[in-house]
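K.L.:
Sequence order for the protein chains is A and B. Mapped onto this note's numbering, the consecutive letters of the first sequence carry residue numbers 706 to 902. Mapped onto this note's numbering, the consecutive letters of the second sequence carry residue numbers 10 to 264.
In case anyone wonders, no lab produced these hints; they're calculated from the structure. The structure presented is a predicted model; accordingly, all values stated were derived computationally and were not measured. Heads up, a few of these hints could be off.
For lysine-lysine, the following DSS-like pairs were computed, each having C-alpha atoms within a straight-line distance of at most 25 Å [to be verified]: (1) A:LYS815 to B:LYS100; (2) B:LYS171 to A:LYS888; (3) A:LYS760 to A:LYS807; (4) A:LYS813 to B:LYS171; (5) A:LYS760 to B:LYS100.
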Amino acid sequence: MIAVIDSCGSNITSVLFALQRLGVEATLTSNPDEIQKAERVILPGVGAASTAMEKLKEQDLTQCITSLTQPVLGICVGMQLLFSYSEEGFAELLNIIPGEIKHFTPEKDKTIPHMGWNSVTFRNDHPLVKGLPDNSYFYFVHSYYPHVGSYTIGECNYGDRFSAIVAKDNFMGCQFHPERSSKSGSMILKNFLEMPA
Amino acid sequence: MLTKRIIPCLDVKDGRVVKGVQFRNHRDMGDILEHAQRYAEEGADELVFYDITASSDGRVVDKEWVRKVARVIDIPFCVAGGIRNIEDARKILNDGADKISVNSPALESPGFITQLAHAFGTQCVVVGIDSLHENGHYIVHQYTGDEEKTIKTSRGTMVWAKRVQELGAGEIVLNCMNQDGVKKGYDIEQLQAIRDVITIPVIASGGAGKEEHFSDVFVRTGVDGALAASVFHTRQIHIADLKEYLRVRNIQVRL
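I would like the entire structure built from these sequences, with the hints used as guidance.
P.N.:
Below is the structure:
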């Protein structure tokens with residue numbers, strides 16, 4: 706069973722539809738037992754990291770998520786939640802991956818949010834990016850970005866360099882929206898579904 | 010590098026794709042799902058679904074269609090038409106839209122933009138502005154989906170654009186009404202003017218007739234995307250060809 710955590714993501718339906726296109730019927734749930742038992746877990750998210758974190762606390766899910774041992778994929782704000790701290794709302798996050806989430810540096814001719822298709826360069830051949838050519842395009846929509854560190858798998862540049870894909874043990878995340886990133890996005894989801902649990 | 014976006018727009022009325030000229034005389038352009046699927050496959054960077062009479066009829070965009078389209082496409086999906094409260098917006102996002110675009114309801118109650126941004130995040134909130142150039146001034150118009158109900162507001166376009174940004178909009182689609190459907194090119198001057206006053210992404214809308222118009226708008230203004238409808242619906246311009254045309258002119262596009 707694939708569990709999609711029913712937290713604060715307004716992109717949840719898009720994620721469910723993308724999984725359906727890959728032939729997978731996922732279960733939308735905020736039940737800790739069900740999440741723990743799932744073969745794989747997806748944590749979607751849109752909006753502010755602080756709001757998303759509050760929501761997880763209200764649902765008593767923070768402990769449950771950090772203790773998961775099966776493959777977990779965070780998407781957009783769901784990925785940011787894996788980090789330690791966000792400037793957005795000054796929020797303490799799940800602290801699975803060390804590092805912080807910062808606001809893009811305003812510059813002339815740089816529109817914020819970073820909205821649209823940008824290319825990602827891969828740092829290693831992690832199973833999540835299997836079969837994807839370097840500089841593949843993905844769809845991003847965000848104003849805050851995760852820093853680049855030793856857990857970075859894919860890197861993107863928008864004036865500030867940032868982590869587009871991260872992985873640490875069984876936890877993975879992408880800042881872009883694989884559910885809306887055409888063929889390259891569905892490749893990421895497919896890789897996630899097929900990697901050994 | 011962040012690419013320029015090519016955005017086909019499905020103007021929908023009574024469950025069919027339609028297209029008018031300068032927001033009038035709408036004619037049938039075909040099936041919603043066929044168009045949506047074709048655009049996703051041809052390399053469109055985003056799809057806009059706009060129920061054009063929802064606002065002027067005082068109803069919300071047809072949700073059944075939102076679900077059907079969201080299910081088949083794998084590119085970002087923005088939905089517009091008569092969204093006037095948080096609940097409407099939530100339902101449409103739950104039906105699979107990624108962004109919602111508001112126009113007339115934002116003019117009725119500007120605070121609505123802020124409410125949406127708080128509830129769903131700035132990145133989710135697009136504000137459409139219908140702007141008409143009259144005697145040297147750019148003026149915002151309202152209820153443009155139905156020509157008999159269209160009214161001219163007292164708002165200047167640039168002032169309103171700055172205001173919607175302050176209120177929490179994540180993107181603006183500027184519909185240049187003088188250019189709409191006449192295929193003479195985008196309103197470069199007006200788009201440059203709006204680009205200069207705001208920092209959120211701007212999408213150009215109204216006037217695309219040939220490939221050159223797209224390269225013009227990207228080279229001469231700083232817009233992030235260009236929206237068009239009839240040139241794509243009629244297959245006068247094929248999106249994959251258009252992107253190749255832009256690429257050889259050194260405009261960054263996703264191929």
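K.L.:
Each hint should be assessed against the structure and marked as holding or not.
P.N.:
These are the hints, each one checked on the structure:
Between LYS815 of chain A and LYS100 of chain B the alpha-carbon distance is near 32 Å, which puts this suggested pair outside the 25 Å criterion. The straight-line distance between the Cα atoms of LYS171 of chain B and LYS888 of chain A is roughly 36 Å, outside the 25 Å bound, and the hint therefore fails. The straight-line distance between the Cα atoms of LYS760 of chain A and LYS807 of chain A is roughly 21 Å, inside the 25 Å bound, and the hint therefore holds. For the hint pairing LYS813 of chain A with LYS171 of chain B, the CA-to-CA distance comes to about 17 Å; that is within 25 Å, so the pair holds.
Straight-line distance between C-alpha atoms of LYS760 of chain A and LYS100 of chain B comes to about 19 Å, which keeps the hinted pair within the 25 Å bound.
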